[in-house]
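Student: The chain contents come next:
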Amino acid sequence: MIKTLRRVLLTIILLSVSTPNIFAADAASGDEPILDVMGTVADHDYVKVPGFINGGKIYLPRLILWSDSNGKTNFNAALSTKSFAEKTPFEVVDYALVAPEGGSIIIDFSITSHLIYFWLGMILAVWITVSMSNRYKKGVGREVEPQGAFQNIFEVLFVFIRDDVARSNIDDHKADKYVPYFFTVFMGIAFMNLFGLLPWAATATADLTVTATLAVITFFITQFSGTKDYWGHIFWFPGVPTWVRAILTPVEILGIFTKPFALAIRLFANMLSGKIMIIAILGLIFIFADIFGPVAGYGVSLFSVVLTVVLYALKVFVALLQAYIFTLLSAVFIGMAAEDHHHDEEHYNAEHAA
Amino acid sequence: MGLLAAGIGAGIVALGAGIGIGMIGKGATESIARQPEASGDIRGAMILTAAFIEGVALLGAVICILLALGIGQ
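Chains E and B, in that order, give the protein sequences.
No gaps in the numbering here: position 175 of the first sequence is 175 in this note's numbering, and each next residue is one more.
No gaps in the numbering here: position 51 of the second sequence is 51 in this note's numbering, and each next residue is one more.
Calculated from the structure, these hints are not laboratory results.
Don't take every hint at face value.
Listed next, the in silico SDA-like pairs over lysine to any residue satisfying Cα-Cα at most 20 Å (straight line) [to be verified]: (1) K82/E - V98/E; (2) K259/E - K26/B; (3) K259/E - G60/B; (4) K259/E - L59/B; (5) K177/E - A96/E; (6) K259/E - A45/B; (7) K259/E - V62/B; (8) K259/E - L48/B; (9) K259/E - I63/B; (10) K259/E - F52/B; (11) K259/E - A50/B; (12) K259/E - P36/B; (13) K259/E - T49/B; (14) K259/E - I53/B; (15) K259/E - V56/B; (16) K57/E - A96/E; (17) K259/E - I8/B.
Work out the full structure: start from the sequences and follow the hints.
Tutor: Written as structure tokens, this is what we have:
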């Protein structure tokens with residue numbers, strides 16, 4: 001088991017080292033900038049495949065709902081951006097599809113690289129949980145101790161999420177029904193973050209749409225598990241004079257939305273800035289080589305490569321930490337909403353004195 | 001102008017976040033030194049509070065990135 005794992009890891013490392021296309025492939029041509037920082041974190045219509053230096057792109061299907069100049073709504077689908085442009089009056093400008101004159105894109109359903117890695121992360125998370133739960137159903141881990149490194153790691157992570165995240169933040173009798181969500185989100189985000197460390201892969205969590213989707217799910221779970229006291233504290237804060245409520249209520253209503261907003265921004269900005277930092281530091285080599293000649297490039301590479309290795313180690317830690325923080329804060333927010341207040345005396349007295 | 005604003009903004013954001021997280025670290029290490037048996041709870045609270053500060057700081061950092069790229073002008 002360990003042997004195969006080691007072999008797979010080694011293969012992955014070799015594959016990722018052999019494809020140094022961290023930058024946009026066509027940087028050499030003409031007056032394009034040396035370094036395309038945003039291009040590496042942006043969403044693309046292809047996924048890169050390891051093992052090829054500049055090629056190795058698999059183009060993804062485009063599905064677009066659009067309206068033409070007469071206001072008629074059309075829906076077109078094609079296997080790649082190029083064939084989409086051939087089939088429809090769309091034109092390709094700077095790798096992007098541009099709607100014909102007078103028309104506009106209503107919704108772009110296209111499958112993109114970030115979406116692919118989002119699916120990959122989520123499918124891996126679901127596959128691990130389902131295959132592990134089958135093992136526990138058979139009795140491995142319940143009647144005998146967990147078998148193999150894989151199940152042991154899984155059990156440690158699961159018990160950690162259940163005890164330290166769910167049960168310590170949510171009332172005991174309610175906590176267990178949220179554990180599946182927390183564990184899936186934790187594993188999914190961790191996988192997406194870790195995939196982003198591969199040079200040819202895309203970081204799905206460095207996309208605001210992905211993190212916003214996850215935050216919106218947390219938002220809805222929070223609202224639906226809100227107790228009467230939760231809503232009471234929002235709309236009619238107990239124990240304060242009525243005129244204060246005029247200030248408090250708007251603030252509390254705003255607070256419902258700012259919490260998941262901060263959740264989404266935190267994960268997004270962390271992964272985005274981490275990736276930009278790596279590219280900027282590696283890019284110093286090429287900027288120096290361009291300005292001062294190749295010798296300076298080699299000189300700077302001694303410094304840049306060492307720093308990048310250290311940053312990569314840090315990023316593995318940050319990838320897991322951010323997944324943990326997202327899960328923990330989701331648990332805190334849900335716990336705050338689902339809490340049963342045992343009407344403590346302070347509130348009660350204040351209510352009745354007023 | 002956007003680049004200048006982004007540079008100054010990023011500096012101030014780093015300053016604020018640095019002071020905040022530094023104070024959390026100070027508090028946490030002091031309380032762990034005083035009561036080593038509670039280090040697990042303290043570490044959890046430390047990470048949680050640091051995450052809140054980080055959230056605000058990253059909000060500023062995102063705005064700096066938007067300014068530097070000239071998005072929304």
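Student: Evaluate each hint against the coordinates.
Tutor: A quick look at each hint next to the structure:
no., hint, result
1, K82/E - V98/E, "holds, 12 Å"
2, K259/E - K26/B, "violated, 26 Å"
3, K259/E - G60/B, "holds, 16 Å"
4, K259/E - L59/B, "holds, 13 Å"
5, K177/E - A96/E, "violated, 44 Å"
6, K259/E - A45/B, "holds, 18 Å"
7, K259/E - V62/B, "holds, 17 Å"
8, K259/E - L48/B, "holds, 14 Å"
9, K259/E - I63/B, "holds, 18 Å"
10, K259/E - F52/B, "holds, 10 Å"
11, K259/E - A50/B, "holds, 15 Å"
12, K259/E - P36/B, "violated, 32 Å"
13, K259/E - T49/B, "holds, 14 Å"
14, K259/E - I53/B, "holds, 13 Å"
15, K259/E - V56/B, "holds, 11 Å"
16, K57/E - A96/E, "holds, 16 Å"
17, K259/E - I8/B, "violated, 27 Å"
Violated hints, listed in ascending order, are 2, 5, 12 and 17; each of the other numbered hints is respected by the structure.
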